[in-house]
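Going line by line, the protein sequences match chains U and W. Residue numbering for the first sequence is 1 to 167, as defined by my numbering. Residue numbering for the second sequence is 1 to 397, as defined by my numbering.
Quick caveat, the hints were computed from the structure, so don't treat them as lab data. Owing to the predicted nature of the structure, the values given are computational and were not obtained by experimental measurement. Misleading hints may appear alongside valid ones.
[To be verified] Here chain W is said to cover these stretches of chain U; the calculated rule only asks that three of the stretch's residues, wherever they fall, bring their Cβ under 8 Å from a Cβ of chain W:
(1) 104-112
(2) 133-140
[As the list claims (entries may be wrong)] Covered stretches of chain W (chain U as the covering partner; in silico rule of three or more C-beta atoms under 8 Å from a C-beta of chain U):
(3) 40-53
(4) 93-103
(5) 135-144
(6) 310-317
C-beta: ideal position from N, C-alpha, C; glycine also.
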Amino acid sequence: MDVVNTNFMNEILEILSENAKATSSEIAALLGRPEADVAREIRELEESGVIRKYITLVNWEKLDMSYVFAVLELKVALQRKTGYDAVAERIANFSEVESVRLISGDHDLSVTVRGKSMKDIAYFVAERIATLEGVQSTCTHFILKSYKEHGVILTEKQRPQRLVITP
Amino acid sequence: MKQSLKNIPAWNAERHLNQVVKAMPPSGIRKFFDLVNEMKGAISLGVGEPDFVTPWHVREACIYSLESGNTHYTSNKGMPELREVICESVRSDHGLDYDPAEEILITTGVSEAVDLAFRATLNPGDEAIVPEPCYVAYTPDILLTGGVAKTVPTRLEDEFRLQSEDVAAAVTDRTRVLLLSYPNNPTGAIMTRSDLEDLANVVVENDLLVISDEVYAKLTYSGSHVSFAQLEGMQERTVILNGLSKSHAMTGWRVGYALGDPALVGAMTKVHQYTMLSAPTMAQVAAIEAMQRGEEEMLHMKHEYDLRRRMFVSGLNRIGLDCFEPRGAFYAFPSVKTWGLSSEEFAQRLLKEQKVAVVPGSVFGPSGEGFLRCSYATSRGELIEALDRIETFLTSL
């Protein structure tokens, strides 16, 4: 892929990862390129799987009906041929699981889980994760408060004010 | 026995004012500020500073320094480490060598540096040439020295680049200084190397000193900024003024600097030591952090301005406000000449009817009449909303 096109693609991805709602025409205006080029590029990125999903960052803590999140640290026995992949993929299939990552350090997999209550998650871990073949140990960390997600600081402070007109 | 004063005349403070200060009109921006300030829900494109907050690592470095008790004066010239790191960056950006010991002064914002440069170089009656439209402080600062500001217009057809013929025509035997201010506030114009070379001939022929306010230098969008001091033989006749306000989103910290011939910088330092003593210590510490580790965040902010610039300028042209492409700073300077209103009428009605604040070009000098200064140092969402509102306003005219 040529450099110019790689830049164009990266610029589009940067804009969309900041704001999934940015339209092709807005992106075209920001980049000074024809809208049709932007729309084609986005379609290609979607079709090739580079763009997987457009998501909304929700601050659940602002609502009464909030979810409980937990980070699980798992020790996993390495399997012949498949390594960590087979067990990681099995875990990823559960709808309760939001993310699965292979990590360095004391544990092997880091898994984020979403549930309606702590009990919900505790049962899920005990029944579905800990019992999986290859999972040697689990350690559940419930998330008590989230300060920053996806680069956005969630603990709100008043935005510092600028003077409305300055020379 | 103590005698009591009789018949004390009424106090008249006006009688005690300096005549130059008294005659100085208040900034035209002031009137507009009051109008906008009273209006709720207005989108302001009138702000001459970044919308970004100073990057956290810079603020954090300042906090740590305060915790360590770093609260004393610094040397008049500024902290040696800051002077060194600035000289190093000017060397790598522009290939210009300045001695951190003798050829740089750290000031309390570029504003102080502008004032010092005029005070250190102009005698009463001396003339300084000031291209217009321009930032509002130059002429008042010149008047305070007893000097004379000779304004030279720049024009849309030249994309507001200063023309050497205009400068040559304004030179008299009292002219001592040529002020340059590029990238320009309010027009967003830049000067290319060849524009500057044309000027250099006039400068040398008339033995002028160039005072070059380059506070928007880092915000140059096509190619990189060329300083007048980079031209052959011109470094010694140029005082470069710059600071971190715009590039590193540090307006409130008040850190600027002046670079130039030791005799000139020395003279400025003399005034500085009797007036300011030293720039705020905590701000200098923050500036060191910003200069040493702030490059990435600075480029990120610049990139964001560049995206907004393209979107906003193409948007203005689309809705019918003709705008040349500004290549520096964070201002667009569209023309309203085809709409049958003066720039002040246009700005006032736009504010009242659609709640969008822009600054009438006339505030920046007569040659700014017929134009508006619109700052795109505001969020993309606000810019899009402002374009919609301006379009609605234009439809109603």
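Right, here's what the structure says about each hint:
{"no.": "1", "hint": "104-112", "verdict": "violated (count 0)"}
{"no.": "2", "hint": "133-140", "verdict": "violated (count 0)"}
{"no.": "3", "hint": "40-53", "verdict": "holds (count 8)"}
{"no.": "4", "hint": "93-103", "verdict": "violated (count 0)"}
{"no.": "5", "hint": "135-144", "verdict": "holds (count 3)"}
{"no.": "6", "hint": "310-317", "verdict": "holds (count 4)"}
Hints 1, 2 and 4, counting from the list given before, are not met by this structure.
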